[in-house]
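Using the sequences and the hints given, assemble the complete structure.
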Amino acid sequence: MSHGFCEAVVMLGSDAAGKTTILYKLHIGDVLSIVPPIKKSHLLDLISRFGFAHRKIGHIGNNSNKGGGDAFTEVWYSNWKNGMQNFIAHEGGPESPHTFARIKVEQYQNQRENIDFVFSSKNVANEDEYRVRLTTVVRVARYLLGEGLAFRGHDESPKSMHRGHFLELLNWFCKYNEEANKVMLSNAPKNNQLTSSTIQRHIIEACGKETRKVILNEIGDKFFSLLLDEARDSSMKEQMAVVLRFVNDVGEIVERFVGVVHVIETSTQCLKNVVDEFFAINGLSLSRLRGQGYDGASNMCGELNGLKALILNGNKHANYINCFAHQLQLVVVSAAEENHDVSQFFDYVSMIVNMVGSSCKRHDALRQAHRDKVVQKLQSGEISKGQGQNQEISLARPGATRWGSHYKNITPAI
1 MSHGFCEAVV MLGSDAAGKT TILYKLHIGD VLSIVPPIKK SHLLDLISRF GFAHRKIGHI
61 GNNSNKGGGD AFTEVWYSNW KNGMQNFIAH EGGPESPHTF ARIKVEQYQN QRENIDFVFS
121 SKNVANEDEY RVRLTTVVRV ARYLLGEGLA FRGHDESPKS MHRGHFLELL NWFCKYNEEA
181 NKVMLSNAPK NNQLTSSTIQ RHIIEACGKE TRKVILNEIG DKFFSLLLDE ARDSSMKEQM
241 AVVLRFVNDV GEIVERFVGV VHVIETSTQC LKNVVDEFFA INGLSLSRLR GQGYDGASNM
301 CGELNGLKAL ILNGNKHANY INCFAHQLQL VVVSAAEENH DVSQFFDYVS MIVNMVGSSC
361 KRHDALRQAH RDKVVQKLQS GEISKGQGQN QEISLARPGA TRWGSHYKNI TPAI
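Under the UniProt record's numbering, the first residue of the sequence shown is numbered 1, with each subsequent residue one higher.
FYI, nobody ran anything at the bench for these hints, they're computed from the structure.
No residue lacks a Cβ here, since even glycine has one placed at the ideal position from N, Cα and C.
Watch out, some of these pointers could steer you wrong.
[Said to hold, decoys possible] Below, simulated EDC-like cross-link-like pairs (lysine to aspartate or glutamate); rule was C-alpha separation at most 16 Å, straight line:
| # | residue 1 | residue 2 |
| --- | --- | --- |
| 1 | K190 | E255 |
| 2 | K182 | E127 |
| 3 | K182 | D128 |
| 4 | K182 | E129 |
[Stated by the list, open to error] Here are the computed distance ranges between Cβ atoms for each label pair:
| # | residue 1 | residue 2 | range |
| --- | --- | --- | --- |
| 5 | A241 | G357 | 25 to 31 Å |
| 6 | R139 | E338 | 53 to 59 Å |
| 7 | Q269 | V247 | 42 to 48 Å |
| 8 | F324 | N248 | 18 to 24 Å |
| 9 | G302 | S358 | 38 to 44 Å |
| 10 | R371 | A335 | 32 to 38 Å |
| 11 | Q389 | G208 | 36 to 42 Å |
| 12 | I383 | S359 | 39 to 45 Å |
Put into structure tokens, the structure is as follows:
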């Protein structure tokens, strides 16, 4: 007993003389034979040592079937009549709780040679490096998203002079951060650099979800309005922008852009399905909707089959309000068509913008004439100096459907 704890009971039976023999293995590999008469106290001590490994290691791992181990680890064993069967059942096979506990004890005693310990130590180091790598990549992505800059470059090969904003900014960050430089780019494993286009898209999506989560938490159970507008992007895909308008906790009216959704077609039912899916994904309730704001297209504001009508069928309190800018545009177009002088004025402005914009020399001459006029007025005191005043304004062509573009077109000309 003084050599160590008992790891496993090998045999419990009777020899030819009818004497009970207990064989057990010590941790040093010796096998001793105890020939009774054996005192019960000695046998209890043997049992307590037999359960040592279970008391120390028994709570490690997921071993729901203890094989009667409580009798040796938590309470005293008293069923001596069936002792041999219970001991053998407790020892079990290679996957028994007793064997599991014995292996854990051996691994604990030889940590330097334990392969699990070696892998565990290496995994901890790999996790620390991965955390630094991921944190660096997310910081770079958040900066580019905040500035509205593109991630990818036209040529991202190592020989390229400019590999795109993401890789260039990541390379610059590593130059001035020694901790990141040790585990990033060339010092990172080839299969774990976190710089691929797929990883970039995943990070962008994750940032978008977190931003949307903050906006939705800000809305909470408040009433809100829905603003939608669709347009075709440069990749020839129909995209629908989604904006939510609500009153925040301090009584301010705010509008939050919450996403762009690709729509296969612009039919009324398709748009309604997209809205329902967007509400379901983001946990928004149609019953909290109190307003709709779209343009004047028939698929949006149709009285019978428009998106407005379909939403009103589900929530009669979701009042529709036509886009004011679109209404003003229709008023201006109608007024210009009825008044010859107004129509001619807009035609002349468009001709001036086209003529000046088509020639750099004419544009420079107009800019110089405007500068001389501003200097003359400043000297005569007609206008005053100040931050943001007397700035050069570029000529802009008007849009076909927005009154605001006409305002920007007229202001520089005047």
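Here's how the hints hold up against the structure:
1. K190 - E255: Status violated; Cα separation ~44 Å.
2. K182 - E127: Holds, at about 14 Å.
3. K182 - D128: holds (12 Å)
4. K182 - E129: holds (9 Å)
5. A241 - G357: 25 to 31 Å: holds (29 Å)
6. R139 - E338: 53 to 59 Å: At 58 Å between Cβs, range holds.
7. Q269 - V247: 42 to 48 Å: Cβ of Q269 to Cβ of V247: about 31 Å, so the range 42 to 48 Å is violated.
8. F324 - N248: 18 to 24 Å: holds (22 Å)
9. G302 - S358: 38 to 44 Å: Since the Cβ atoms of G302 and S358 sit about 42 Å apart, the hinted range of 38 to 44 Å holds.
10. R371 - A335: 32 to 38 Å: Holds - the Cβ-Cβ distance for R371 and A335, about 35 Å, lies within 32 to 38 Å.
11. Q389 - G208: 36 to 42 Å: holds (39 Å)
12. I383 - S359: 39 to 45 Å: The hinted range 39 to 45 Å is violated for I383 and S359, with Cβ atoms some 29 Å apart.
The structure fails hints 1, 7, 12 (numbered hints given earlier, in ascending order).
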